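Same order as they appear, the protein sequences are chains W and P. Numbering-wise, this note's numbering comes out as the position in the first sequence, counting from 1, plus 4. Numbering-wise, this note's numbering comes out as the position in the second sequence, counting from 1, plus 32.
Everything labelled a hint here was simulated from the structure, so no lab data went into it. Model, not experiment: these values are computed from the prediction. There is no bait here: all hints are sound.
Computed beta-carbon distance windows for the label pairs:
hint, chain 1, residue 1, chain 2, residue 2, range
1, P, 37, W, 201, 22 to 30 Å
2, W, 297, P, 101, 52 to 60 Å
3, P, 88, W, 106, 50 to 58 Å
Just a few of them, taken from the derived set where beta-carbon distance is under 7 Å, the chain W residues facing chain P:
hint, residue
4, 114
5, 140
6, 230
Below, computed lysine-lysine pairings styled on DSS-like, alpha-carbon distance capped at 27 Å:
hint, chain 1, residue 1, chain 2, residue 2
7, P, 87, W, 9
8, P, 87, P, 59
9, W, 284, W, 257
10, W, 233, W, 208
11, P, 87, W, 257
12, P, 58, P, 87
13, W, 233, W, 178
14, W, 9, W, 40
15, P, 59, W, 257
Each residue gets a CB set at the ideal place from its N, CA and C atoms; glycine is no exception.
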Amino acid sequence: MIDVKELTAKINELAEGMRPTTVMEVCGTHTHAIMKYGIRQLLPRNIRLVSGPGCPVCVTSQADIARALTVASRKNVIFMCFGDMMRVPCGKQSLLSLRDSGADVRIADSPMAALRVARENPSRDVIWYGVGFETTAPATAAAADAALQTGVRNFSILSAHKTMPAALRALLGKGSRVDALLCPGHVATIIGSDAFRFVADELKKPAVIAGFGAQEILAALAIITAMIKKGEVRCVNAYPTAVTASGNEAAMKLLLRVFEPCDAQWRGLGVIPESGLALKGEYKALDTATRFDLFDNIHVPDDDRGCICASVLRGDAEPENCPNFGVACTPTTPLGPCMVSGEGSCAAAYAYGGSRV
Amino acid sequence: MCIAIPGCVVAVELDEAEIDYGGVKKKASTCLCENVTPGDRVLVHAGFIIKVLSKDEGEELERLVAETMELFGP
Numbered sequence: 005m006i007d008v009k010e011l012t013a014k015i016n017e018l019a020e021g022m023r024p025t026t027v028m029e030v031c032g033t034h035t036h037a038i039m040k041y042g043i044r045q046l047l048p049r050n051i052r053l054v055s056g057p058g059c060p061v062c063v064t065s066q067a068d069i070a071r072a073l074t075v076a077s078r079k080n081v082i083f084m085c086f087g088d089m090m091r092v093p094c095g096k097q098s099l100l101s102l103r104d105s106g107a108d109v110r111i112a113d114s115p116m117a118a119l120r121v122a123r124e125n126p127s128r129d130v131i132w133y134g135v136g137f138e139t140t141a142p143a144t145a146a147a148a149d150a151a152l153q154t155g156v157r158n159f160s161i162l163s164a165h166k167t168m169p170a171a172l173r174a175l176l177g178k179g180s181r182v183d184a185l186l187c188p189g190h191v192a193t194i195i196g197s198d199a200f201r202f203v204a205d206e207l208k209k210p211a212v213i214a215g216f217g218a219q220e221i222l223a224a225l226a227i228i229t230a231m232i233k234k235g236e237v238r239c240v241n242a243y244p245t246a247v248t249a250s251g252n253e254a255a256m257k258l259l260l261r262v263f264e265p266c267d268a269q270w271r272g273l274g275v276i277p278e279s280g281l282a283l284k285g286e287y288k289a290l291d292t293a294t295r296f297d298l299f300d301n302i303h304v305p306d307d308d309r310g311c312i313c314a315s316v317l318r319g320d321a322e323p324e325n326c327p328n329f330g331v332a333c334t335p336t337t338p339l340g341p342c343m344v345s346g347e348g349s350c351a352a353a354y355a356y357g358g359s360r361v
Numbered sequence: 033m034c035i036a037i038p039g040c041v042v043a044v045e046l047d048e049a050e051i052d053y054g055g056v057k058k059k060a061s062t063c064l065c066e067n068v069t070p071g072d073r074v075l076v077h078a079g080f081i082i083k084v085l086s087k088d089e090g091e092e093l094e095r096l097v098a099e100t101m102e103l104f105g106p
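The following block holds chain P by itself, in its conformation from the complex (with noise of 0.2 Å):
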């Protein structure tokens, strides 16, 4: 239930976004989430934009796993 489905938002109209799913379009909820514009990757949980998802592409994931081994591996 907790599954939250990233998406790309196409507009946004007052408090709605118009979020594109990799073709299917749906409104979400901008009111949990303040400055969404158009091109921003998301989160949606519920009908809710949850997070304007970071523009990175898994960099920093690599670099904190990295580090990690470098500080607590063999």
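Next up, chain W with everything else stripped away, as it sits in the complex (with noise of 0.2 Å):
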């Protein structure tokens, strides 16, 4: 494996001279691995890193949270999430709040441990929360599958998933000072190196799929720096013993039987047409939000605790900048989505120092 110094050594030398250039990551697991390995102290004073909105917990927009809620605290419902979801709030509750003051919220490594529970309780409401993006989403598809194929009436899915390729679009088209992409290396796993060829192609921007190892992802900033350097736009799978031109075939023919894209609501973003999954044709009859009725009724209460997730999540603020960062907003007591889920930038930052070190 190449050496870390080697490469420190190599993006130095490249970047002499280079124009200011900022590369932004869009995977929680990248923050968390850049922050964890100062790759950002490496990186000389013209390369400028920035977190996007790459964490599926801090994306989930308020009214999806307030969905959740609504269903998770009706009778007879078992509501199964990923643990990072417990704590986001969303006015002065949040699924650990609910489930303090009663309700069956359980946390699940997996939505096949849904459904398990779904088979165990015939005469309770089993919910799965799907968030997450295309990692993810096929492991939701699979429950729903299996949950069709085998008749388990009493489990529904209350889908938040998201798709990175039409937020990148939104994100990194026109006015855009994002210079160039580093890539998720496991949302690539599944839809393979050549779903993320566009960002090079249409909106011409240097583009390269990276792993989750400190060389990993220097060697794909390497790649994005001489890019860069010399004016050559492609879209490079530097992340290889993981990802393929075509990703994760059976994975993505599941998730296609079982979604369609739909308009999806992103926390900071806004609503970006086609972003989101929507169970398709007879899976349907699993989709929690008809089953318990779960649209215009909701109330989303007006979250404004000052916090700025909003500008975090474009990549357009850091951490730091937020008021109440480390003060009012720590990982013991969040304010922000983006200071709940230990992906977020601002837990990251919290954890490793961010900027400050």
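Put the two chains together into one complex, using the hints given.
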């Protein structure tokens, strides 16, 4: 494996005299790894790394959280989700506070665990909260398919799944000050490196798919730096151990059989057309929102806590620019979703010192 | 949330595999990844194997960086 020192030296050598360059990453695991390994501190001053909307917990809209809280508090419901979702605040509530007040909210590490609970509790309504990008959506699709095939009627899915390419088009289009993209490695494992070619071909920005080790991230940044220096624009797969051009075709086939694109609201980015995943065809029978009538009748609390989550999620501001960061908002008392999730920009900056190091 | 954990396949039975994560063993579904066999290094996300990792230990990335530097480098 290539040496970190060697890669750092290469990037610094290439960047000499180069125009100021902003590279965005859009994966919570990259955000965390970049902070953990101190990658920003290894880079020259003219290369700036910013975090985009890569944490699914952080980009889940207030309305989607309100919908989850509404249905989770209904009688006879067992509401199941990934642990990261438990503390996301919405008004004065969260899934955790609901559980403390008696609602049956449970953490699961897989949608299949929720399906198991549904089979074990046939007289209860078991809901899986589908949150995540293309890495996670096939797992929800597999649970939906298994539920339908085996006739588990008390199981349903509240889908807040989102897709990355549509968000990137919205974020990196005209007027964007991002020069290059560090593409999310595990989303690419599913959708394939070819799915990111539009970043280079249409948006005219270098795009490099990166793994999650220090060497892998630095190697991707070295490739980006070399391209910027030479004015080359390509999409390069720098995570070849896990990513192929076409991705995981079985997972994509299942995802496309169960879900169809829908407009989705992203925290910080607004509504992005065709960027969400809704159950389709026969799988619509598993849709929690339809089954429990969770549409315009949901009260969405106004959540102005003085946080600047929207700017942080667009890469327009650093966590440290927020007046609440590290003062009123900490990992133990988070005010905004970017501090709630371990993969959020604010939580990573708090844990590793962020740009203050 | 998109974190995927690498592990080694110990055994496969029907559509489930037992994965060894450096001593901790847990089952994962093979339904998103066909042809998983014992000894494979795999990536697991949300209870599903999403990729059988290539056996390469970084040589491919090293070659890629060297090639890129040659193409675009100073």
